[in-house]
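Construct all of the structure, not just a fragment, from the sequences and the given hints.
Read top to bottom, the protein sequences are chains G and L.
Numbered continuously in our numbering, the first sequence closes out at residue 495.
Numbered continuously in our numbering, the second sequence closes out at residue 495.
Source of the hints: derived by calculation from the structure; they are not laboratory data.
There's no promise every hint is true.
Derived lysine-lysine pairs resembling DSBU-like cross-links, with alpha carbons at most 30 Å apart [to be verified]:
id: 1; chain 1: L; residue 1: K37; chain 2: G; residue 2: K214
id: 2; chain 1: L; residue 1: K214; chain 2: G; residue 2: K213
id: 3; chain 1: L; residue 1: K464; chain 2: G; residue 2: K213
id: 4; chain 1: L; residue 1: K366; chain 2: G; residue 2: K37
id: 5; chain 1: G; residue 1: K253; chain 2: L; residue 2: K214
id: 6; chain 1: G; residue 1: K253; chain 2: L; residue 2: K213
2 protein chains.
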Amino acid sequence: MQTNYETLTEAVKELAIIGSIGNVLGWDMHVNLPPKGNMLRAQQGSYLAGVGHKKFTGKEMGVLLAALCIEADAGNLTEDQALNVRKLRQDYEKATKLPTAFVEEKSEATSLANQAWVEARMANDFSKFQPHLEKIVELCRREADLFGYQGHPYNALLQLYEPGMTVEKLDSVFIQLRPFLSVLADWVIADGKKHRPVEGKFPLEKQRELVKKVSALLGFDFTAGRLDISPHPFTVSFSPNDVRITTRYSEKNLLYALTSTIHETGHGLYEQGLPADQLGMPLGEACSLGLHESQSRLWENHVGRSAEFWQFMLPALAESFPEFRGVKLKNWMRQANRVERSLIRTEADEVTYNLHIILRYEIEKGILEGKIQVKDLPEVWNSKMQEYVGVTPDTNANGVLQDVHWSMGSMGYFPTYTLGTIYAAQLFAQASKELPLKEQVAAGQFHDLREWLRETVHRHGRKYSADELVEKVTGSPLNPRPLMDYLMAKYVAL
Amino acid sequence: MQTNYETLTEAVKELAIIGSIGNVLGWDMHVNLPPKGNMLRAQQGSYLAGVGHKKFTGKEMGVLLAALCIEADAGNLTEDQALNVRKLRQDYEKATKLPTAFVEEKSEATSLANQAWVEARMANDFSKFQPHLEKIVELCRREADLFGYQGHPYNALLQLYEPGMTVEKLDSVFIQLRPFLSVLADWVIADGKKHRPVEGKFPLEKQRELVKKVSALLGFDFTAGRLDISPHPFTVSFSPNDVRITTRYSEKNLLYALTSTIHETGHGLYEQGLPADQLGMPLGEACSLGLHESQSRLWENHVGRSAEFWQFMLPALAESFPEFRGVKLKNWMRQANRVERSLIRTEADEVTYNLHIILRYEIEKGILEGKIQVKDLPEVWNSKMQEYVGVTPDTNANGVLQDVHWSMGSMGYFPTYTLGTIYAAQLFAQASKELPLKEQVAAGQFHDLREWLRETVHRHGRKYSADELVEKVTGSPLNPRPLMDYLMAKYVAL
Chain G
2 MQTNYETLTE
12 AVKELAIIGS
22 IGNVLGWDMH
32 VNLPPKGNML
42 RAQQGSYLAG
52 VGHKKFTGKE
62 MGVLLAALCI
72 EADAGNLTED
82 QALNVRKLRQ
92 DYEKATKLPT
102 AFVEEKSEAT
112 SLANQAWVEA
122 RMANDFSKFQ
132 PHLEKIVELC
142 RREADLFGYQ
152 GHPYNALLQL
162 YEPGMTVEKL
172 DSVFIQLRPF
182 LSVLADWVIA
192 DGKKHRPVEG
202 KFPLEKQREL
212 VKKVSALLGF
222 DFTAGRLDIS
232 PHPFTVSFSP
242 NDVRITTRYS
252 EKNLLYALTS
262 TIHETGHGLY
272 EQGLPADQLG
282 MPLGEACSLG
292 LHESQSRLWE
302 NHVGRSAEFW
312 QFMLPALAES
322 FPEFRGVKLK
332 NWMRQANRVE
342 RSLIRTEADE
352 VTYNLHIILR
362 YEIEKGILEG
372 KIQVKDLPEV
382 WNSKMQEYVG
392 VTPDTNANGV
402 LQDVHWSMGS
412 MGYFPTYTLG
422 TIYAAQLFAQ
432 ASKELPLKEQ
442 VAAGQFHDLR
452 EWLRETVHRH
462 GRKYSADELV
472 EKVTGSPLNP
482 RPLMDYLMAK
492 YVAL
Chain L
2 MQTNYETLTE
12 AVKELAIIGS
22 IGNVLGWDMH
32 VNLPPKGNML
42 RAQQGSYLAG
52 VGHKKFTGKE
62 MGVLLAALCI
72 EADAGNLTED
82 QALNVRKLRQ
92 DYEKATKLPT
102 AFVEEKSEAT
112 SLANQAWVEA
122 RMANDFSKFQ
132 PHLEKIVELC
142 RREADLFGYQ
152 GHPYNALLQL
162 YEPGMTVEKL
172 DSVFIQLRPF
182 LSVLADWVIA
192 DGKKHRPVEG
202 KFPLEKQREL
212 VKKVSALLGF
222 DFTAGRLDIS
232 PHPFTVSFSP
242 NDVRITTRYS
252 EKNLLYALTS
262 TIHETGHGLY
272 EQGLPADQLG
282 MPLGEACSLG
292 LHESQSRLWE
302 NHVGRSAEFW
312 QFMLPALAES
322 FPEFRGVKLK
332 NWMRQANRVE
342 RSLIRTEADE
352 VTYNLHIILR
362 YEIEKGILEG
372 KIQVKDLPEV
382 WNSKMQEYVG
392 VTPDTNANGV
402 LQDVHWSMGS
412 MGYFPTYTLG
422 TIYAAQLFAQ
432 ASKELPLKEQ
442 VAAGQFHDLR
452 EWLRETVHRH
462 GRKYSADELV
472 EKVTGSPLNP
482 RPLMDYLMAK
492 YVAL
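Here it is, written out as structure tokens:
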């Protein structure tokens, strides 16, 4: 007879297949879809999501997981099995806490809000989005209540993206980070180190070859993945054996494609490094959005923006692009690491980026608490931008309306970007203690770093929370100091 | 309360969504899949196919269709509704005639046979494939018995690809066609008209632009479709609003990509021309493989290989490819329409292509009857090749092992290629009577022909059998004369 765990394995396998098919549809939508294909694609996606949700939240699954938790408590399962069972039970409880009526109400509200956001941004008119955002805030408050929480209601939302993270931990970190970043940005900009810009027209076909070569060099396995083009670069995994990353190109700006490719390669390496034999099980899934972002940021910033990396890359670049012949490392480092008081988060540099995030975090907390009113958001946004980044948006489209997240009903997501940056610095500092990274990167050798990350981070799936994992690897839980040390050293030396 | 037809519409919609998702998976598999992604993709595909099959062949569907047939007989449905209901009932009966045990046995056998075929072809060793093909033949015989048939058992298999077609009709046509084609091929080759070959290295990027432009010019709607690359060009439709065609490129041979693009554009135009509001219903589906092939062959041969087409295209080609400057129409027509005694069906010219098909048809009939033994196939193949095409294969890999079809369990499929060629000639002859096609094609105007095909062929879905439709449009059922007249006139004039 089949054991309960075997029954679970079969059910999870089916859910993994359904989920991975949904990911194929999503990937094709962002990379390939002709305009008229949109409507059927939406129907295909919501059909599959419905089938998956129904299978996972059904009573059968609840009974099976309850029985398996008893087996786990009695010590009748292996450690890995017990872990999978307990995490799935948590997922199940989370998934069944929201009544269907609520899920449908939120789905409809975000669908309308997203359309309104697109129009509002295009028309640069916040008032078109305001009533929808008010509805979303109300839904997020109710969602937090339905999930339940300790301390701040924001904690309930954080769990969706970063299990184990709390407002209390974030506050204690951001209070250190924000003034430091503002001061550092001011200093770098005032210092105003000059460089002679490397300019040119870089043929797309050559760029494509270049970024693919770099991605492969960092360790992305192209027999188990692809690199394609999409307006907003992203990574999606069907399984560790089929991971799709995307980038986009600019003829004028070589870094545009290269940086985003390295970033997505970091995400892709994480997905390719998850244990394939645990597909669909918690042990086969990425730990958190923050830890995911740590992998992309580590490769993008600590490797891809380092002097050692460019020491290795500049001669290679000069072979394909004559504009790079004779370019001095110091000059290029200044160009590649320019700091600016910019308006748009996704275009921000390493120093100011997290100020954009902290601003959003404070606003999300404030509106959830009711201390900030949605109608006042443009004003609050602009004054915080002036205070933190030192610039006031010229329009709401370039200010409060720039990000898609709220229109999708995602509150509590933004902090994971900064958590990723912090974890990345902690992990890279630790890896630098254990490996001769400067020498290796300067020689174009990335194997050891990749294997180190695979061993310390990737292979664990959701075994630990991000915070726990980072502590296990580096000896310290969430800690902004390595990031601050790294930025300080780097920008003073530029 | 919901009417039965509304219930059916919902169920069919769900089946169409499931089927179209399967098509997305299939397209991605042939166009994008990294090697290691294969295993999960096979699981995803068979999972979806299983879900769809189960939903369609369930008792609920049977009861619903039976009830609706009574409504249809009582005149309570519209003409279109009645047609959908009756065709679905036929499909249902066909789908439920094969016991699950048989379907599984055949699925396993073809899976093994396909692997064996790949190996046998690579090793040029028929004996590796022989036992598998023997099993497939046995399964096809049993399948024919399970479906039931009148006359020849081959008739049962033909219905899977070309509803309404029979061995009796095919024989009466092929008996006229085969000697004519052999004689014509001999004459053309003996006549040996000389040409000065246009040779060059044609940059792939420019070829890509060219074939996309040509496809759009013929009427393929790129807001409702895409053109990508795959080793074996194909067309797949998710819906009339998202049709994907593929091609492949050769730097040395411009016709390689252009011809296959025009061929697939013909298939694509058919799919884009089906009524989108009947998605999943018989009225929204292509009529038969033969009629599908008639659309690709019509554009590929009657348009794309005609003197009028090249009169229009040569100056355009000369703009992108200097090799084409000063090339004379007559010289190029001889190159583009070369006739050869070639070994490989997919590379054959217009005259000999159907000899390759007739050979396969005769063999399939013979082995199904037991008059030909599988073990004797290499010998039978080679002697028929010598007799019909005038050349004996150097290896079995270039002979009896060249096609994938038998390894997939598909017997009765090959004739649809020739049926398509015959229908294409009938339809094009009729269109030429109704429209000034020579002038239009020479002027690069394809709108009227496309609309004519949309009106006479595409929009009808499965309303008529291919044979009936062609008779309705041209006044004559399946008739090889227009094809023979066309080839005769063309090759004498070259």
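Hint check:
1. Note on K37/L and K214/G: the hinted pairing holds, with a Cα-Cα distance of about 19 Å set against a maximum of 30 Å.
2. Distance check on the hinted pair: K214/L and K213/G sit about 28 Å apart at the alpha-carbon level, within 30 Å; holds.
3. In summary, the hint linking K464/L to K213/G is not supported, as the alpha carbons are separated by about 50 Å, beyond the 30 Å threshold.
4. Taking the CA atoms of K366/L and K37/G, the gap is about 44 Å. The hint is violated against a cut of 30 Å.
5. With a CA separation close to 27 Å, the supplied pair K253/G and K214/L stays within the 30 Å bound.
6. The suggested pairing of K253/G with K213/L holds, with an alpha-carbon distance near 26 Å, which does not exceed 30 Å.
The structure is inconsistent with the numbered hints 3 and 4, although it conforms to all the rest.
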